[in-house]
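These protein sequence lines are chains A and B, in that order.
Counted from 1, the first sequence has number 217 at position 217 by my numbering; the numbering is strictly sequential.
Counted from 1, the second sequence has number 46 at position 46 by my numbering; the numbering is strictly sequential.
Just so you know, not all the hints are guaranteed correct.
[Claimed, not checked] Cross-link-like lysine to any residue pairs, in silico, SDA-like; alpha carbons within 20 angstroms at most: (1) A:K125 x A:S114; (2) B:K70 x A:S253; (3) A:K243 x A:D127; (4) A:K243 x B:D71; (5) A:K225 x B:E93; (6) A:K243 x B:Y52.
[Stated by the list, open to error] If you only want the chain B side, here are some residues facing chain A, beta carbon under 10 angstroms, derived: (7) E55; (8) R61; (9) K91; (10) L92; (11) P194.
None of these hints come from the bench; they were simulated from the model.
In this text, a Cβ means the ideal position worked out from N, Cα and C, and glycines have one as well.
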Amino acid sequence: MIQESFPQEINHAKQVGIVGIPPLAVIQTLNRQGVKILDLDEPLIRANIENATPYLPRVYCAILRTAVINALELELDAVFIDVGPGKCDCALHTAQIMKDFLAIPVITTKNLDSSGYGFPLCEAKMDLVAKMQAITNGVKSAAPYAIQPPACRPTAGFWGVPPRDFSILSLFPDTTHIYGWTRCMENKTPADHELEAEYNPEIPTVFFAQSFCAKTASARYLAKKHPHGLYLDVDVHTTGSAKAKIQAFLELSGAGR
Amino acid sequence: MILGDFGTTYCKFLDLAKPGALPTIVPSRELWPDTRVDIATGHNGQRFADHYVNELIALARGGEILIPEKDYVLLDCGSRDIKFIKYKNGKLEDMGWNAECGASMGFTIELLKKYYELDYDDLQVPDHSFSVTCGVLGMSDIFDAVISGVEVAEAVARFVKGIAINAYRFAGSPAAIYLSGGLCDNPLFVKSFPCQVTTLGRFVLLTGLSAEAQRINQSNQDDNNGR
Chain A
1 MIQESFPQEI NHAKQVGIVG IPPLAVIQTL NRQGVKILDL DEPLIRANIE
51 NATPYLPRVY CAILRTAVIN ALELELDAVF IDVGPGKCDC ALHTAQIMKD
101 FLAIPVITTK NLDSSGYGFP LCEAKMDLVA KMQAITNGVK SAAPYAIQPP
151 ACRPTAGFWG VPPRDFSILS LFPDTTHIYG WTRCMENKTP ADHELEAEYN
201 PEIPTVFFAQ SFCAKTASAR YLAKKHPHGL YLDVDVHTTG SAKAKIQAFL
251 ELSGAGR
Chain B
1 MILGDFGTTY CKFLDLAKPG ALPTIVPSRE LWPDTRVDIA TGHNGQRFAD
51 HYVNELIALA RGGEILIPEK DYVLLDCGSR DIKFIKYKNG KLEDMGWNAE
101 CGASMGFTIE LLKKYYELDY DDLQVPDHSF SVTCGVLGMS DIFDAVISGV
151 EVAEAVARFV KGIAINAYRF AGSPAAIYLS GGLCDNPLFV KSFPCQVTTL
201 GRFVLLTGLS AEAQRINQSN QDDNNGR
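With these hints in hand, go ahead and build the complete structure from the sequences.
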């Protein structure tokens with residue numbers, strides 16, 4: 001029973017943070033108890049990311065640094081941080097550090113969920129920023145997807161995790177299909193590495209990873225393997241040259257048409 | 001229609017209303033702040049025109065016009081950054097833009113020429129090179145070599161060769177390369193590449209902009225014809 005692993009004080013929690021994707025049973029329990037879930041992987045506050053530096057090195061995953069500054073500033077009753085194969089070793093170490101400096105319970109989970117919910121949004125025709133926001137919001141709910149938009153004919157692909165800086169997504173056409181860990185995220189199977197490695201060789205695809213993330217290896221490798229792939233890693237903010245690379249890649253590949 | 005390539009050290013202009021006219025070059029520091037062109041590229045370009053074309057697209061379009069082959073690598077070495085495009089069967093296969101880690105190489109080469117009063121026409125390609133990934137950091141190698149007794153000219157030549165090899169590797173180590181940008185005018189740099197090099201000069205981005213100008217004109221004509 002997953003609830004047995006909940007510390008007793010969580011039973012009265014009003015607001016908790018999550019890092020990565022905790023198992024569905026955790027989300028179901030929190031949903032049932034009416035607990036508000038905040039996704040700490042997203043920039044939720046205006047604090048300087050340098051505030052994480054006393055706890056994590058500057059040269060470290062920007063998403064986990066963001067999770068740390070969120071955890072420092074937000075009023076939370078607990079943090080659930082996934083450290084299983086659906087997340088990363090960096091999260092495991094960050095969880096240890098959070099346990100040390102946060103005065104609230106930091107509960108580690110290992111998400112091995114394997115029942116797919118499907119990934120209709122990943123293949124829908126939709127503004128890519130809105131699509132990514134809808135997928136990341138979906139992490140906070142265990143309910144099946146009410147809306148199942150039809151798949152569109154793809155003209156471009158985005159492979160990877162939800163970027164810390166969504167502004168790079170605004171460069172893609174609405175007919176972009178999403179692959180990689182984001183697809184696993186919508187499917188609620190974050191440790192499904194086979195699904196994560198899938199891509200469509202027929203469409204020009206940007207293989208994205210956060211700088212200093214272990215997934216840069218897969219992103220770079222798959223981009224080389226893909227007949228028309230571009231590897232890109234971005235740290236805290238998207239640089240002008242990174243945006244220009246995406247813009248040029250999509251335009252010169254005819255991806256918008 | 002006036003086209004402008006606004007680089008870090010030099011700006012290049014072409015007036016399409018004057019057929020046969022050659023592009024003009026103006027040092028960026030001498031540029032008037034109220035300068036306006038119809039289409040711009042270059043990292044400073046967005047300030048000077050309503051229509052901006054990003055540098056990689058301008059480079060690719062210029063290459064499509066100037067290079068007769070279907071398979072090629074075009075590498076642009078500017079003052080601030082290096083970028084390349086690779087075409088296979090007439091289609092984009094790979095590309096890259098190194099504006100951060102490989103920065104300021106061209107700028108540093110020009111700086112060293114002035115500081116040491118060197119003429120790159122007179123320098124021979126050295127047997128050895130420094131491992132250079134950044135213009136600024138690479139200067140330390142020059143100073144260390146000079147302190148250890150290496151002639152200044154030899155030390156600078158090793159630095160320039162190191163930059164050429166770094167740019168070559170960045171472009172995927174091809175057997176042949178088309179080179180564009182201001183460093184085409186530096187014979188030591190060109191000869192330092194460990195592959196066949198064809199220089200296209202510093203106006204490739206302007207050529208790319210002229211293709212964009214044609215596209216705009218065609219689009220306007222289509223609009224006027226009600227298509």
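Evaluated hints:
Annotation: proposed proximity of K125 of chain A to S114 of chain A is violated, straight-line Cα distance about 26 angstroms (limit 20 angstroms). For the hint pairing K70 of chain B with S253 of chain A, the CA-to-CA distance comes to about 15 angstroms; that is within 20 angstroms, so the pair holds. For the given pair, K243 of chain A sits about 17 angstroms from D127 of chain A by alpha-carbon distance, which is consistent with the 20 angstroms threshold. Proposed proximity of K243 of chain A and D71 of chain B is contradicted: the alpha carbons are some 26 angstroms apart, above 20 angstroms.
Distance restraint check for K225 of chain A and E93 of chain B: the Cα-Cα separation of roughly 12 angstroms lies within the 20 angstroms cut-off, and the hinted pair is therefore satisfied. Taken as a hint, the K243 of chain A and Y52 of chain B pair is honoured in the structure, with Cα atoms around 14 angstroms apart against an allowance of 20 angstroms. Hint status for E55 of chain B: holds, given a least beta-carbon distance of 7 angstroms to chain A, under 10 angstroms. A hinted interface residue such as R61 of chain B counts as satisfied when its beta carbon comes closer than 10 angstroms to some beta carbon of chain A; here the least separation is about 9 angstroms, so the hint holds.
With a least beta-carbon distance of about 8 angstroms to chain A, the hint placing K91 of chain B at the interface is held under the 10 angstroms criterion. Because the beta carbon of L92 of chain B sits about 4 angstroms from the nearest beta carbon in chain A, less than 10 angstroms, this interface hint is met. Among the interface hints, the one on P194 of chain B is violated; its C-beta lies about 22 angstroms from the nearest C-beta in chain A, farther than the 10 angstroms criterion.
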